[in-house]
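Taking the hints into account, I'd like the entire structure generated from these sequences.
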Amino acid sequence: MLMRHIRLVLIVLGIFFSLSANAALDLELTQGIDAAVPIAIVPFVNEKPNVPGKQTITQVITNDLQNSGQFRVKTPGLLGQMPTTLDQVDIKYWQKRGVDDVLIGSVKKIGFNRYRVAVQLVNVFTKSDGTQKHKDAESNPTLVNLSFDVNKNGFRDLAHHISDVIYQKLTGVRGIFSTKVAYILVKKNKHRASKYLLEISDVDGFNPQTLLVSKQPIMSPAWSPNGKNLAYVSFEGHRASIYLQNLATGKREVVTDYPGINGAPTFSPDGTKLALVLTRTGNPKIYSYDLASGKLTQLTHGYSIDTEPAWAPNGQSLLFTSNRGGTPQIYRYNFADKNIVRVTFEGNYNARASFLPNDKGFIMMHRETGMFGIARENLETGNIQVLVQTGADESPSVAPNGKMIIYATEYGERGVLAMVSVDGRIKLRLPAQEGSVREPAWSPFLTV
Amino acid sequence: MPKIPSSYQVPLAIAVALHILLIAFLFIHIPTKNYRMPGPISKTESVKAVAVNARQINEQVAKIKRAERRKKAVERARVRRAEAKVAAAKRARIREQKRVAILKAQQRRIKKQRALEKKHLAQLKQKRQKALRAEQKALQDKLLKQQLSAEKNQLSKASTSQMRGTVNRYKAQILQAIGQNWLVPGGANKQLACIYLIQLAPGGVVLNVKLVHSSGNAALDRSARVAIYKASPLPVPKDAALFDNFRELRLTVSPKTVVTQ
Numbered sequence: 001m002l003m004r005h006i007r008l009v010l011i012v013l014g015i016f017f018s019l020s021a022n023a024a025l026d027l028e029l030t031q032g033i034d035a036a037v038p039i040a041i042v043p044f045v046n047e048k049p050n051v052p053g054k055q056t057i058t059q060v061i062t063n064d065l066q067n068s069g070q071f072r073v074k075t076p077g078l079l080g081q082m083p084t085t086l087d088q089v090d091i092k093y094w095q096k097r098g099v100d101d102v103l104i105g106s107v108k109k110i111g112f113n114r115y116r117v118a119v120q121l122v123n124v125f126t127k128s129d130g131t132q133k134h135k136d137a138e139s140n141p142t143l144v145n146l147s148f149d150v151n152k153n154g155f156r157d158l159a160h161h162i163s164d165v166i167y168q169k170l171t172g173v174r175g176i177f178s179t180k181v182a183y184i185l186v187k188k189n190k191h192r193a194s195k196y197l198l199e200i201s202d203v204d205g206f207n208p209q210t211l212l213v214s215k216q217p218i219m220s221p222a223w224s225p226n227g228k229n230l231a232y233v234s235f236e237g238h239r240a241s242i243y244l245q246n247l248a249t250g251k252r253e254v255v256t257d258y259p260g261i262n263g264a265p266t267f268s269p270d271g272t273k274l275a276l277v278l279t280r281t282g283n284p285k286i287y288s289y290d291l292a293s294g295k296l297t298q299l300t301h302g303y304s305i306d307t308e309p310a311w312a313p314n315g316q317s318l319l320f321t322s323n324r325g326g327t328p329q330i331y332r333y334n335f336a337d338k339n340i341v342r343v344t345f346e347g348n349y350n351a352r353a354s355f356l357p358n359d360k361g362f363i364m365m366h367r368e369t370g371m372f373g374i375a376r377e378n379l380e381t382g383n384i385q386v387l388v389q390t391g392a393d394e395s396p397s398v399a400p401n402g403k404m405i406i407y408a409t410e411y412g413e414r415g416v417l418a419m420v421s422v423d424g425r426i427k428l429r430l431p432a433q434e435g436s437v438r439e440p441a442w443s444p445f446l447t448v
Numbered sequence: 449m450p451k452i453p454s455s456y457q458v459p460l461a462i463a464v465a466l467h468i469l470l471i472a473f474l475f476i477h478i479p480t481k482n483y484r485m486p487g488p489i490s491k492t493e494s495v496k497a498v499a500v501n502a503r504q505i506n507e508q509v510a511k512i513k514r515a516e517r518r519k520k521a522v523e524r525a526r527v528r529r530a531e532a533k534v535a536a537a538k539r540a541r542i543r544e545q546k547r548v549a550i551l552k553a554q555q556r557r558i559k560k561q562r563a564l565e566k567k568h569l570a571q572l573k574q575k576r577q578k579a580l581r582a583e584q585k586a587l588q589d590k591l592l593k594q595q596l597s598a599e600k601n602q603l604s605k606a607s608t609s610q611m612r613g614t615v616n617r618y619k620a621q622i623l624q625a626i627g628q629n630w631l632v633p634g635g636a637n638k639q640l641a642c643i644y645l646i647q648l649a650p651g652g653v654v655l656n657v658k659l660v661h662s663s664g665n666a667a668l669d670r671s672a673r674v675a676i677y678k679a680s681p682l683p684v685p686k687d688a689a690l691f692d693n694f695r696e697l698r699l700t701v702s703p704k705t706v707v708t709q
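Those protein sequences? They're chains A and B, same order as listed. Be aware that the first sequence starts at 1, since it is given in this note's numbering, and climbs by one per residue. Be aware that the second sequence starts at 449, since it is given in this note's numbering, and climbs by one per residue.
Treat the hints as calculated values from the structure; they're not laboratory data. Warning: the hint list may mix true and false statements.
Example chain A residues on the side facing chain B (calculated, C-beta under 7 Å, incomplete) [what the hints assert, rightly or not]: (1) L25; (2) L27; (3) E28; (4) T30; (5) Q31; (6) G32; (7) I33; (8) D34; (9) A35; (10) V37; (11) Q70; (12) F125.
Pairs of lysine-lysine residues, derived as DSBU-like cross-links and limited to a Cα-Cα distance of at most 30 Å, are as follows [as the list claims (entries may be wrong)]: (13) A:K74 to B:K658; (14) A:K54 to A:K427; (15) B:K619 to A:K92; (16) B:K578 to B:K593; (17) A:K96 to B:K619; (18) B:K658 to A:K169; (19) B:K704 to A:K127; (20) A:K152 to A:K169; (21) A:K427 to B:K704; (22) B:K678 to B:K704; (23) A:K92 to B:K686; (24) B:K638 to B:K619; (25) B:K560 to B:K451; (26) B:K704 to A:K360.
Note that the Cβ used here is the ideal one computed from N, Cα and C, for glycine as well.
Structure below.
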């Protein structure tokens, strides 16, 4: 009897040990897909198309996420489930519909022109541990649970902010939906002289605000690193001058108005200096201008044309365009040893460089076989990847998160703005305006 | 009838012989002594005395008397001697009886002891047998176990290469299934890696997924978990023994290469 028991125990133990012996098979996954994340955006409870632009909040969010290229937004049809609270989110239902995350929300009027907007983002593949608190974030399916109080005019900014929160949560990268774009709008008129406007709009092209209107050309808008000032070139009074304008107050001042060219201003990363182009020696040369002291330092010399300086994010070098090699190419000026090296060798026209946020690469205008396009070069390998090439693509400007590039192109014989992702996968055109748009400049992150 | 051990047979035989001798001596020797009486000799002497004088007669009488006394004394002495002899014999007998009794007691004791010893021996034997049996059993078990493991080893050795091939095939299929569902977040660094412990039910249904090492990028961690659940049920062998290898998976996820679809 006893022996039998012992044997049973031994057998059980044996099974146990044999189990623990071949525990946890090791596997390593090193390849994934670069594809958009499927997300369902359920129309918010009680939302109306009262957002400036006659849209609803979820329409703005849908547009933002869809245009980022990182998301494939699904909106439930009439017969689909429309959960309004976290409890109503049917995990299995959304899993079957091939959705990773579900956004729900509500709008509630809480006073005169005052609304409370609540949003929740639920990951349908996160198993809740059953508790309300969710000790570790890993077991909390609710990724976002926020509430905002705004007035009607704030709906659009709020929608962009919600897009930013979702984008950051799901991609790990800060979103750029609340940033702005400065650009030059040219309104041509058959009977009257052309009008030049310096404008700033949301990145989706909505909400344009005019900073300056001039009958003479305006060029090269550049953002200060804190996003509070804009430097640009204006030909008011028929001579080029560099202006610095405060966006909050609208006040502006002349930075340089030397005889000849005053062009292509760009801020140093710390915001204390401007790199600009002057023709004080006869040929366009790169200068550094100290904003506090007004001290001017010439950085490049010689008889070539040097223009379009772009400061490295670490402030230690500059990229600029020069024809010193015969064709326009990108060169790099090093502040420490004042050395200049050529960095582009492919294509017969490379210009208008701007660094990516990580210092390791830059974006430029690139011409190959007579077609202008936008290309990215890896500074470590020297490899060039053409991102877009429609023939008239120019003036690329990099988003502060380094994921998208805005550039000017031609569509229907008009200048329009377009975007391309830094990997070239996503391309989209912004809504056209009356007139021609050129020289877009992407702002830094604006919210603190 | 108890069997007498050989070591006691000789002394017992001697003892029995001695007894017989003694009994024989007691019954045969004593009657012969009783019959040897000196009657006829004194009869003839009394006839002669008639013819002698008083003095002579007196002398004669005295002589006879002395002789009689002497005779009586001799007789008494003889009787005494006989008596002494009888007593001695009696004593000897008693002694012998005592001895026999002692012997018998001894025998009894020996018998008792022997019985005890026997009992003890039997017990011992039983015990030893028990121990032996246990030992045998243990040995048998051990042998069986050895045989079993040897068989298992042989079996596994024989099928290891085949099994490894099968396991590897399923491993590749699992990685493919998860990889096809893994949407790498845009901001993920190629150097990052997270590790998940995955528990599978027979049939490959994902029961539980636990993050054991975070990549430091929550979005990357989450994308991997979503991919694991999306790929459920994972391709696993139907064979129960083979499936045992896949009950628990330790999956390292790192976006070394990202494929554009």
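Structure-based check of each hint:
1. L25: Since chain B brings a Cβ to about 5 Å from A:L25, closer than 7 Å, the hint holds.
2. L27: holds (5 Å)
3. E28: With Cβ-Cβ at 4 Å, under 7 Å, it holds.
4. T30: holds (4 Å)
5. Q31: holds (5 Å)
6. G32: Holds, about 4 Å.
7. I33: With Cβ-Cβ at 6 Å, under 7 Å, it holds.
8. D34: At about 4 Å, which falls below the 7 Å cut-off, the nearest Cβ of chain B leaves the hint on A:D34 intact, so it holds.
9. A35: holds (5 Å)
10. V37: With Cβ-Cβ at 5 Å, under 7 Å, it holds.
11. Q70: holds (5 Å)
12. F125: Hint on A:F125: holds, closest Cβ of chain B at ~4 Å, below 7 Å.
13. A:K74 to B:K658: Holds, because 29 Å separates the two Cα atoms, which is no more than 30 Å.
14. A:K54 to A:K427: Holds: A:K54 and A:K427 sit about 25 Å apart, inside 30 Å.
15. B:K619 to A:K92: holds (27 Å)
16. B:K578 to B:K593: Holds, at roughly 22 Å.
17. A:K96 to B:K619: Distance of about 25 Å is within 30 Å: holds.
18. B:K658 to A:K169: holds (20 Å)
19. B:K704 to A:K127: holds (27 Å)
20. A:K152 to A:K169: Given that 30 Å is the threshold and the Cα spacing comes to 26 Å, the pair holds.
21. A:K427 to B:K704: Holds - the C-alpha atoms of B:K704 and A:K427 are around 25 Å apart, at most 30 Å.
22. B:K678 to B:K704: holds (21 Å)
23. A:K92 to B:K686: holds (26 Å)
24. B:K638 to B:K619: holds (22 Å)
25. B:K560 to B:K451: Holds: B:K560 and B:K451 sit about 13 Å apart, inside 30 Å.
26. B:K704 to A:K360: Given that 30 Å is the threshold and the Cα spacing comes to 19 Å, the pair holds.
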